[in-house]
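Engineer: Listed in order, the protein sequences are those of chains A and B.
Numbered by my numbering, the letters in the first sequence go through residues 9 to 296 in order.
Numbered by my numbering, the letters in the second sequence go through residues 202 to 272 in order.
For the record, the hints were derived by calculation from the structure and aren't laboratory data.
Every residue, glycine too, gets a C-beta built ideally from N, C-alpha and C.
Heads up, some of the hints might be wrong.
Sample of chain A residues facing chain B (criterion: CB under 8 Å; computed from the structure) [unchecked claim]:
1. Ala107
2. Ala120
3. Gly157
4. Gly273
5. Thr275
Derived contacts from chain B toward chain A, CB cut-off under 7 Å, selection only [claimed, not checked]:
6. Asp204
7. Leu208
8. Glu209
9. Leu212
10. Lys213
11. Glu215
12. Ala243
13. Asp247
14. Ser249
15. Phe251
Residues per chain, in single letters:
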Amino acid sequence: MPYDRVNIQATATTAQQAVDGNVNGDNIAARAATLVAARAADAQIDANAASMQQADAQRSIPRARTDNLNEQAGRHLTDPGTEVPRPSIFSHRTNRRNANRAIARLNPAQAAAFSSFVSPQNARQRSIRDTVNQHFESGGTLDQLGPAGRNFVRRLDGSIQKAERENDRMHTVYTRLNVPDGTSRREFLARLRANPSHNQTLAGFTRANHDLNKIEGNDNDLYVQIETSRGMYVGGNGSSGHVLPRNLDLEFVNAGEFDVDDGQGGTTRKTLIQMREVRQNERTTARQ
Amino acid sequence: MTDVNRLEDELKGEFGTVEADDFEATEVYPNDDEPLVSDEEADEQDASPFESSDADYDGAAGVDFTAPDED
Numbered sequence: 009m010p011y012d013r014v015n016i017q018a019t020a021t022t023a024q025q026a027v028d029g030n031v032n033g034d035n036i037a038a039r040a041a042t043l044v045a046a047r048a049a050d051a052q053i054d055a056n057a058a059s060m061q062q063a064d065a066q067r068s069i070p071r072a073r074t075d076n077l078n079e080q081a082g083r084h085l086t087d088p089g090t091e092v093p094r095p096s097i098f099s100h101r102t103n104r105r106n107a108n109r110a111i112a113r114l115n116p117a118q119a120a121a122f123s124s125f126v127s128p129q130n131a132r133q134r135s136i137r138d139t140v141n142q143h144f145e146s147g148g149t150l151d152q153l154g155p156a157g158r159n160f161v162r163r164l165d166g167s168i169q170k171a172e173r174e175n176d177r178m179h180t181v182y183t184r185l186n187v188p189d190g191t192s193r194r195e196f197l198a199r200l201r202a203n204p205s206h207n208q209t210l211a212g213f214t215r216a217n218h219d220l221n222k223i224e225g226n227d228n229d230l231y232v233q234i235e236t237s238r239g240m241y242v243g244g245n246g247s248s249g250h251v252l253p254r255n256l257d258l259e260f261v262n263a264g265e266f267d268v269d270d271g272q273g274g275t276t277r278k279t280l281i282q283m284r285e286v287r288q289n290e291r292t293t294a295r296q
Numbered sequence: 202m203t204d205v206n207r208l209e210d211e212l213k214g215e216f217g218t219v220e221a222d223d224f225e226a227t228e229v230y231p232n233d234d235e236p237l238v239s240d241e242e243a244d245e246q247d248a249s250p251f252e253s254s255d256a257d258y259d260g261a262a263g264v265d266f267t268a269p270d271e272d
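The shape of chain A in the complex, shown without the other chains (with noise of 0.2 Å):
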């Protein structure tokens, strides 16, 4: 699936049904336990560890890195009956700037594997993108891959994480949800609200983007609004691309209409799920 969309598992009418898996095809309760064990272990490596380089080395899921976040910076969700905004000139130029420290601290090997993922060139490029993602959106641990897969993984978290060490902000960013075949639009957010305690993981890594109107698709489509300290600011000239890292944790917060600047004077009415991070309790700076 195209990485600049979401699934979100709303298809489980009842926490039993998630827990039994297997709805529409998608065994969620397989899948929450794969990311749960994989937790567990990244834990323990965590506990014994000499350096979070070396628990870098073995972990499944990267970390978090945002030690230097202001929560109070930045961009937060929509409040309901407030108008969703434009990007700021204000917040590019700040993104811009953490991104480029960012980009300063990449080696060649990861630079290279970051940009080929990002902006692929070629179709190969492409097939790598998409097969690293089918991989963990169908419940792929980082083990399952072979040696240079591991490694180009690896290689994509340490950007991402690069970029979250010189981030200082939380950003607000879009993206656009794929319904599951055979759920109409109403189905899906009333069930949604149903089970609001319904947390979400994105497996692979999601390409947002900073502007809701940057987003293709018309007003009948949904749309999530994520608020996230994490991922990597990829916009410029313009543009103001944001990419998320696999397995980011999300929770439910609110789904609604809400009326969009244009950019051009008016607003548009769209529908948006709105979900936030939800922060591991992890270990993010070094053991003295």
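Since chain A is already given, all that's left is putting chain B on it; use the hints.
Structural biologist: Only chain B this time, still in chain A's reference frame:
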């Protein structure tokens, strides 16, 4: 050929031979207490090396919104 094996072949074709574990060469936290570029230098570069335009951000690669619109 499995997807994992095909990915290995594609990565080796794209990036060359990969050592069994070259994580040391992709270290995550080198000297990250000191900024490598000044504020002025970081401000100067407005273009992203990873994205030429939002045209790359497409919804045109296939319509995945397959649910009937009942509203």
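Engineer: Determine for every hint whether it applies to the structure shown.
Structural biologist: Outcome of the hint check:
no.	hint	result
1	Ala107	7 Å, holds
2	Ala120	7 Å, holds
3	Gly157	5 Å, holds
4	Gly273	20 Å, violated
5	Thr275	19 Å, violated
6	Asp204	5 Å, holds
7	Leu208	5 Å, holds
8	Glu209	4 Å, holds
9	Leu212	4 Å, holds
10	Lys213	6 Å, holds
11	Glu215	6 Å, holds
12	Ala243	4 Å, holds
13	Asp247	6 Å, holds
14	Ser249	3 Å, holds
15	Phe251	4 Å, holds
This entry does not satisfy hints 4, 5, going by the numbered hints stated previously.
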